[in-house]
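For reference, the chains in residue letters:
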Amino acid sequence: MLAVFFLISPCLGLADSASSASYQIPEGVIAPAGYSTSSNFKLDGLISQFSIGQSQATDFILRSGLLYFPIISTPVVSVSAGDSQVSLSWTTATGLLGWNAGGYIVGWSSASGGPYSLIDAGLSTSYVKTSLSNGTTYYFVIKVKDALGNYVATSTQVSATPVATPVSPGGGGGSGGGGGTTPSGGARVVFSGRAFPLSSVSLFKDGQLVATTKAGPDANFYISIANLVAGAYNFGVNSIDSAGRQSLIQTFPVTLTEGASILVSGIFIAPSIAVDKQQVKQGDNIAIFGQSVPSGKVTIAVNSDNQIFAQAVTDKSGAYLYNLDTVGLEMGGHTAKSKATLANEISPFGPTAGFKVGTENILADAKTQVCPGRGDLNDDCKVNLVDFSIAAYWYKRPLTATFLALEKAKLNGDGKLNLTDFSIMAYYWTG
Amino acid sequence: MNKSLNKKLKKVAICRLIIASLFLVVVFGTARQSLAVPTVDVFLFAGSQELASDDFVVTLGLDTGSERVNAVSGVLSYDATYLDLDSISNANSIIPLWLEFPRAGSSTPVSFAGIVPGGFGGTGRIISLIFKTKGEDQDFLKHVQIKKIEVLRNDGLGQIIPTAIISPSAQIVSQLDVLTGLDQLPPEDFQPLLSQDNQFLDGQSYLIFNTTDKGSGVAKYFVAESKTKLKLKDQTSLETGVAWQEAQSPYRLQDQSLSSYVYVKAVDRAGNVLVVGLDQEKKFYQFWWFWIIIIISALSVCFWWGRKFL
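Chains as they are written, first to last, in the numbering used here: chain A, 10 to 440; chain B, 160 to 469.
It is worth saying that the hints were derived from the structure and are not from the lab. Careful, some of the hints might be misleading.
Here are the simulated SDA-like cross-link-like pairs (lysine to any residue), alpha carbons at most 25 Å apart as the crow flies [unchecked claim]: (1) A:K306 x A:N353; (2) A:K214 x B:F446; (3) B:K388 x B:F446; (4) B:K379 x B:I331; (5) A:K405 x B:F446; (6) B:K306 x A:N353.
Quick look at which bits of chain A chain B covers, simulated, 3 or more residues with Cβ under 8 Å [stated by the list, open to error]: (7) 200-207; (8) 232-241; (9) 274-286; (10) 391-405; (11) 409-422; (12) 429-436.
Far from chain A, some chain B residues (derived; all Cβ distances over 12 Å) [to be verified]: (13) S236; (14) K306; (15) F349; (16) Q358; (17) W447; (18) I455.
Virtual Cβ for every residue (Gly too), placed ideally from N, Cα, C.
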């Protein structure tokens, strides 16, 4: 009995140990999100003296000490139907805090929602499913495995219907002559996913704006482009939230064959972000806010000496707000960025919002909250071909004092104009 | 006695040295493996485009792995003993905006630099060199080399990602070796932009334009400023009846009063053209009917005053 007592005693918290500074979980386990299937897991801890009948909390969450949010982005899947086959390609799933994709599994089924037959695609981000029946609609998902072979993310379901290739009538001699300067049988690409409720969504083709649409109240959007010639394209999608803040462009490389119709679905635009102060007095709160999908969870990463992760929930309009206590932040510059989760879908991280921790509060001006942080050389709140042309003009030329000041304020500020400056511009591109 | 002891000590020391070396190799080898730095693979491959029999096409490609990149620059060299550089193509390149695009006939080696707005992740083509071969060598690919390559991460900081020059797999080559055949299509449609900035080009108005061509790549741009509106049958007509001037973006407009119609012509390597006009909103006084109304109104007023007081 005595031996048993001594064995379990380190795990027991007694009434007088409530103020202990050395509280610990002896053999804590960090498991990636989604692993636990326990319905009754609980951790009993004491944070105050007992007082019967005083608690009225209905939804109490305590997060303190070691917080760890291992997450991985959901692949965005492109699907293209062919003759008895369907070609799939997807974006790389990127992990956070060292969590990387260890492989991809293609799930396919002739019934929406599965059950899916699974095919290991290795680390490849494309797969062609052959031996399918023409005229039958097939449904696909891409599952992401971690290094241990556990499923850690699943894409939204996409579908495609293989069709037989029409056989050209023989002996007709074709159209011949005529120059053929218009794309006959042009290809079509459709993009769908989630942005911000009622926001403007833009589609870019090789960096140039080609179409815009408006997302619904549920933040879902659908945008397409047709009459495209065969070739390799780098499409991009971004959105502007209700306050005018632009998201970063998310790009999707797509190779089109003549007459192909490709669906790129499951796009999840990263949340917009802003801060209410450009400088916050150490110890005061700074509001980090933005917009994403309605009723989603937003993870905010604050980049400082010790990276901080916080979570907020979006309201019906997709807005979120987190008041960050700067007590633990060191003096100097910091950045915050955010990503959103809805059901099993996770967006990539969005743009960063910068702030300083100092000795007094300085409110952020409205323009700083809306305009791109860098790259906007002509100060029109956009980073586009005009800014690129201005910078390209000075590439490998001696810089004037005026442009040097611009380089310092809007680019990387090293007094030179090189590829690094253009990379910054490409990152903040708004089109 | 001392000699044998010394020998034993030496043997022990050597053994310890070997064990320590093995230990270091194992430890550092493991550490290096576990701390593997993400890299971008770059490679050259010979294309199978159906061009002339003595043509040899070499394409520079990259595989970003789990990375996303947005800027690439590099230098390619070739052995002029075996190869003559005929032309350079950016068809199907991941790079739509070029800072530096070499031209055939320029000095060897050839340098290039460009960016991908929004970034790129995956496997893609960067640039293709089209050579005329000299001699009977069957393996011309070995005469082309990547002398320098720099790939920047799409992270808002422009950090350089380490690169590895590899031999591409057959799967990658078949994925990137797009058979375009004879290019009969014009460059992609585009819209020139008019801009003016007090801190740039002496505050004068300038034109900005850029497009891509999937079949053979854009070769040149031309600009025309005309007092009359062009009546093009379609955008791909070769006969436009105006004087074209070869141009690069940004292009300083000659007519700073902005009273001319401005057109841009993009020509691909196969000679297909696309002509687009600047979307200009004329000031009200630039329309002839405005002056007709003014004259009629003035005459009417004069007539009314004349009748009233005479």
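Tested hints:
no.: 1; hint: A:K306 x A:N353; in the structure: holds, 11 Å
no.: 2; hint: A:K214 x B:F446; in the structure: violated, 36 Å
no.: 3; hint: B:K388 x B:F446; in the structure: holds, 13 Å
no.: 4; hint: B:K379 x B:I331; in the structure: violated, 30 Å
no.: 5; hint: A:K405 x B:F446; in the structure: violated, 43 Å
no.: 6; hint: B:K306 x A:N353; in the structure: violated, 45 Å
no.: 7; hint: 200-207; in the structure: violated (count 0)
no.: 8; hint: 232-241; in the structure: holds (count 4)
no.: 9; hint: 274-286; in the structure: violated (count 0)
no.: 10; hint: 391-405; in the structure: holds (count 9)
no.: 11; hint: 409-422; in the structure: holds (count 4)
no.: 12; hint: 429-436; in the structure: holds (count 8)
no.: 13; hint: S236; in the structure: holds, 20 Å
no.: 14; hint: K306; in the structure: holds, 16 Å
no.: 15; hint: F349; in the structure: violated, 7 Å
no.: 16; hint: Q358; in the structure: violated, 5 Å
no.: 17; hint: W447; in the structure: holds, 32 Å
no.: 18; hint: I455; in the structure: holds, 41 Å
Against the hints set out earlier in the document, violations occur for numbers 2, 4, 5, 6, 7, 9, 15, 16.
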